[in-house]
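Engineer: Sequence:
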Amino acid sequence: MRVLLTGSAGFIGSAIGRQLADAGHEVVGVDLMLASAHGASVPPDGTLQLDVRDAADTTWAGLLRGTDVVCHQAALVGAGVRVGDLPAYASHNDLGTAALLAAMHDAGVDRLVLASSMVVYGEGRYTCPDHGDQLPPPREVAALEAGDFENHCPTCGRALDWDLVPEDARLDPRSTYAASKLAQEHYASSWVRQAGAAAVALRYHNVYGPGMPRDTPYSGVAAMFRSSLERGERPQVYEDGGQTRDFVHVDDVARANVLAIEQVAAEPAPRFAAYNVCSGAPVTILDVASRVSAGSASRLEPEVTGGFRPGDVRHVVASPELARRELGFTAAVGPDTGLADFATAPLRA
1 MRVLLTGSAG
11 FIGSAIGRQL
21 ADAGHEVVGV
31 DLMLASAHGA
41 SVPPDGTLQL
51 DVRDAADTTW
61 AGLLRGTDVV
71 CHQAALVGAG
81 VRVGDLPAYA
91 SHNDLGTAAL
101 LAAMHDAGVD
111 RLVLASSMVV
121 YGEGRYTCPD
131 HGDQLPPPRE
141 VAALEAGDFE
151 NHCPTCGRAL
161 DWDLVPEDAR
171 LDPRSTYAAS
181 KLAQEHYASS
191 WVRQAGAAAV
201 ALRYHNVYGP
211 GMPRDTPYSG
221 VAAMFRSSLE
231 RGERPQVYED
241 GGQTRDFVHV
251 DDVARANVLA
261 IEQVAAEPAP
271 RFAAYNVCSG
281 APVTILDVAS
291 RVSAGSASRL
301 EPEVTGGFRP
311 GDVRHVVASP
321 ELARRELGFT
331 AAVGPDTGLA
341 DFATAPLRA
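Each residue of the sequence shown is one higher than the one before, counting from 1 in the UniProt record's numbering.
Possibly wrong hints are sitting among the right ones.
Stated by the list, open to error - Label-pair ranges, simulated between beta-carbon atoms: (1) A61 to V141: 23 to 31 Å; (2) L300 to T244: 17 to 25 Å; (3) E321 to A266: 17 to 25 Å; (4) A23 to H131: 27 to 35 Å.
These are calculated hints, taken from the structure and not from any lab test. No residue lacks a Cβ here, since even glycine has one placed at the ideal position from N, Cα and C.
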């Protein structure tokens, strides 16, 4: 099977490419090599440096010819540091996906695996023991400034408990990046209906592992903790550190992509499906910082700062059940070993 892999030089794309090759598939790699993700790196051997927003170009038509599945990993990532980032997210993620889908249709390619994200959910799933499921609004800045980081039941005022988020949960993006990832899913599902195609969106939770970019606000929080430790600084933990997340190793994410590519290639009818890609072992952000620190040479204790970002959510933890049942995916690397090992894993300069 021939797979066109966008974002192939990124730390997730590289892992996918290796596992696809190990499975005997032909991989054609394309990456724009954005400086925010790659620094001054040059494209790896075999990687074509192209802009997905230019997918109408004849070069793309030649690459797509004979392709069975496109695995679309190329995206501008991170929460969005400033309001001025909005056009870049819309351009790279929204326009780039739309241009690629149109080019795929022109070339007769009708199978897609899309890198999505758990950020499409916004806040996670919350329950009150007395009043059942709740849909909290965005947290108020005044409450965050006062150190009240939890979501509260609108009836009794108690802090809400989190629960696992299934794929059919409400989608309510709370950041620039999140809005662009949901737009990618909407484009893909519309393309499925219009083109008679099939697509799988993989909603990654917090991915970490070798090859992550270092020292950039657009990287993941685990990499930022790691970079702080390498500078001899204590990792800075926002809020009270009690935010709950799921951290999934890049090797598991790559394996989920291989399973999705093989599934969608065999799909007999038009279909759009979305799956959580997670470890199934939730941890707090303070736990993440502590585990990365424990695996480092300095072993510096994290510092809980009480700071916050208005676009952040309190808790979002995925249900792994649908991916296990329909995709055959269960994570192999848990946070206990994975995060400690990450402390000494090679990062991208």
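Engineer: So, for every hint listed, does it hold in this structure?
Structural biologist: Taking the hints in turn, this is what the structure says about them:
Taking 23 to 31 Å as the suggested C-beta distance range, the pair A61 and V141 does not conform, at roughly 49 Å. In this structure the hint that L300 and T244 lie 17 to 25 Å apart at CB holds, the actual value being about 23 Å. With their beta carbons about 22 Å apart, E321 and A266 fall inside the hinted range of 17 to 25 Å. Separation of A23 from H131 is about 48 Å and departs from the stated range, judged on CB atoms against 27 to 35 Å.
Going through the hint list in order, the structure does not satisfy hints 1, 4.
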